[in-house]
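2 protein chains.
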Amino acid sequence: MDPKLGRMTLKEWVAIESDSVQPVPRFRQELFRMMTVAADTLQRLGAHVTSVDMGSQQLPDGQSLPIPPVILAELGNDPTKGTVCFYGHLDVQPADQGDGWLMDPYVLTEVDGKLYGRGATDNKGPVLAWINAVSAFRALEQDLPVNIKFIIEGMEEAGSVALEELVEKEKNRFFSGVDYIVISDNLWISQRKPAITYGTRGNSYFTVEVKCRDQDFHSGTFGGILHEPMADLVALLGSLVDSSGHILVPGIYDEVAPLTEEEINTYKAIHLDLEEYRNSSRVEKFLFDTKEEILMHLWRYPSLSIHGIEGAFDEPGAKTVIPGQVIGKFSIRLVPHMNVSVVEKQVTRHLEDVFSKRNSSNKMVVSMTLGLHPWIANINDTQYLAAKRAIRTVFGTEPDMIRDGSTIPITKMFQEIVHKSVVLIPLGAVDDGEHSQNEKINRWNYIEGTKLFAAFFLEMAQLH
Amino acid sequence: MDPKLGRMTLKEWVAIESDSVQPVPRFRQELFRMMTVAADTLQRLGAHVTSVDMGSQQLPDGQSLPIPPVILAELGNDPTKGTVCFYGHLDVQPADQGDGWLMDPYVLTEVDGKLYGRGATDNKGPVLAWINAVSAFRALEQDLPVNIKFIIEGMEEAGSVALEELVEKEKNRFFSGVDYIVISDNLWISQRKPAITYGTRGNSYFTVEVKCRDQDFHSGTFGGILHEPMADLVALLGSLVDSSGHILVPGIYDEVAPLTEEEINTYKAIHLDLEEYRNSSRVEKFLFDTKEEILMHLWRYPSLSIHGIEGAFDEPGAKTVIPGQVIGKFSIRLVPHMNVSVVEKQVTRHLEDVFSKRNSSNKMVVSMTLGLHPWIANINDTQYLAAKRAIRTVFGTEPDMIRDGSTIPITKMFQEIVHKSVVLIPLGAVDDGEHSQNEKINRWNYIEGTKLFAAFFLEMAQLH
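Just so you know, the protein sequences line up as chains A and B, in that order.
At position 104 of the first sequence the residue is numbered 104 (the UniProt record's numbering), and the sequence of numbers has no breaks.
At position 127 of the second sequence the residue is numbered 127 (the UniProt record's numbering), and the sequence of numbers has no breaks.
Do not take every clue at face value.
Given that identical chains are not distinguished, each listed pair holds provided it fits within a single copy or across any two copies.
The calculated DMTMM-like cross-link candidates involving lysine to aspartate or glutamate, where the alpha carbons are at most 25 Å apart (straight line), are [what the hints assert, rightly or not]:
| # | residue 1 | residue 2 |
| --- | --- | --- |
| 1 | 363 | 284 |
| 2 | 211 | 99 |
| 3 | 169 | 53 |
| 4 | 211 | 310 |
| 5 | 114 | 104 |
| 6 | 193 | 293 |
| 7 | 268 | 398 |
| 8 | 211 | 276 |
| 9 | 211 | 284 |
Derived from the structure by calculation, the hints contain no laboratory data.
Work the whole structure out from these sequences, hints included.
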């Protein structure tokens, strides 16, 4: 395998603007192109590739958009070998150079050993590292130590639309021979020490719309006599979380798993240099001062973030508008054993209470637009032990055993539908900036990650 | 005068995207083109036209943009006649068809006698009505009853940048012979009954920036351990006004002029059909139930509107971002005898108080980006009486004597610098939707408005 070739393919893949979050035809076309390019790459590797038509998606505004196909691919079907299925996604979060990127987000740019570009670490780089590992065996003309399957989608950032139905349908076909499932869609907790992830948070994404009329007002002509939708919305959003990060929705903490002494000890075992973490995050001060509190609030407690407002004045300058209709957006990261539909009811009831106390004549509509379950695994499963050994071989160190505060809904889904052990083996460093401006993957992580996957194939062969 | 010709010119003028609010080079070029087109029109009318270079404008981000020229024009200088100066502006608020316009906002479109287009009523239509009135005398080969001056600018919606310096400079030159100043940059209070305006509210426009870092975060990776800027900002904005529209900034009402019995009577005299007003506004319920309360809260009490947030997620879809740096925007409409710099101090102190109680590690910066004084006139000045008579002649009715809740800073400025009586003679109907989607001027208002200005010239000649 030529690592330069791997980087060139990453450059090609990053150049495709496969944004699944903004529901516009242009990005959907890019997503389809992305899936075609990936299918071609796997075919050239000798895989048997199926691109599954996923139909189309009905948006809240009535618009219908096609869903990019899911790639199911297979390499080898030796019944004497174990079968490892790799899940990845090739869609990305929105990126716009004007939002603070130092370069065109869709042109992979190397600076000081860092490969900058939207999707570089989330998740195009890791998908390619797995492909590179397979192609290394091919280049060396060695048999693959395990049978390999791929399931690659293009809607992860938009909530893996329609994927669950597909996995359910393929449960006894594509997934029937699968022994283990590997995902590499999160980050280490440090810049240099690898990790294995055994749990992820879920996510409930809410919109709260406040409407006076479907047209804006001029603040000179109407300011002073209206129940202004923005005043209502700001009060609603302000009722959700206090300045210490505590969520104010009644009952929201009721189902959070109680904290045990044993669990506390797992956090103590993790090396986290808070000073380095704060510096690499470029955050002056966190809500908490100890390593244990920080890890627990990222992994095992829920959090609420307010993302923004649609329909208000969001440009530079000074527009004297009273927006007629605004949509607030926030989400709650869920942890075991919170339940998505209970949270939906709690949030809706809370917002209705707050709104009714305002005696506003506006209309309020609360919607949960995404509901993704939290996930937790058994870290004594065999593939966890294999992954640990592969990490020792490539990096010469024990991995951090971590959870992830992000949501990778497919983990929970595989566990519940396919009933196979799922492991998350992240490749990216803590400062990769997934979902934000100047996302990158380190050249070192990309190359060592490729080696790690190859070593993991060999360890998995030992298991069988 | 051919009224069709007047409408065709309005179509041409509306087609120029002279947006002064969004500080981008493309719109500035359009503004310059707008001023050139207007100067040409005035020259063809026989006016002596000067386009005054206004230099350039330094934006907060360091960018420099040229300011469109101000047109000073003169028609006639007969010392036996009075001299009336007309102020108008040819810049417009932002307009984007995707925001809910039923047509391209820059293509004047007639539907049921309504001429839709950005700037149709604010302020291109009224400027053209005045020009049409002058050209009517020309077409009839009659002498103008008065000497006419024009001062026409292109930065009104952006706070009339640099205009005050120009008026100060021209005080003893261009303005030396001026007896009266007429502005037509607001609306009637009804759909059919004309009005004269003797007061306007001022405006203090604020930005409050909350910054953690200049890069966004992923809510999975950082949600739960940050002082999130959006949570701070929502709390700050939520502390400004209560659900009854009462402003919560301490001391803000201290300098509001006390309400007299005589003043209450002026509101009682105004005909306002609340039911019709509510229907034409398409508002289900106002904050107040009586005509007097509504008029007072639009004209003689301050109001606070929250306009929006820059830097947060404002697109359709569900992005799980924690914005790293956000800017909230709100403004307070000021009334006699509130003072701009006192208000600036009160708001800044209040936000600093609220922010310090949150113990947030973020940085907050409050800025007043515009500060415009309220204005009030003596309604017994001679030109007020002349305008009343002209209205009786053209419309056969007494005008509503009203104030305007909007800010027309030039009124206060003319009064204070030029020391001449200023009158506001609006032409547009209450439902014209200035600053909002589907702005329009009625064909009837545009034509009768032209007649009204012609009648006003004749009445002014009588005065002299």
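Verification of the supplied hints:
no., hint, verdict
1, 363 - 284, "between (40 Å within a copy, 10 Å between copies)"
2, 211 - 99, "between (28 Å within a copy, 15 Å between copies)"
3, 169 - 53, "within (13 Å within a copy, 71 Å between copies)"
4, 211 - 310, "both (12 Å within a copy, 20 Å between copies)"
5, 114 - 104, "within (15 Å within a copy, 45 Å between copies)"
6, 193 - 293, "within (21 Å within a copy, 67 Å between copies)"
7, 268 - 398, "within (15 Å within a copy, 82 Å between copies)"
8, 211 - 276, "between (45 Å within a copy, 21 Å between copies)"
9, 211 - 284, "between (38 Å within a copy, 11 Å between copies)"
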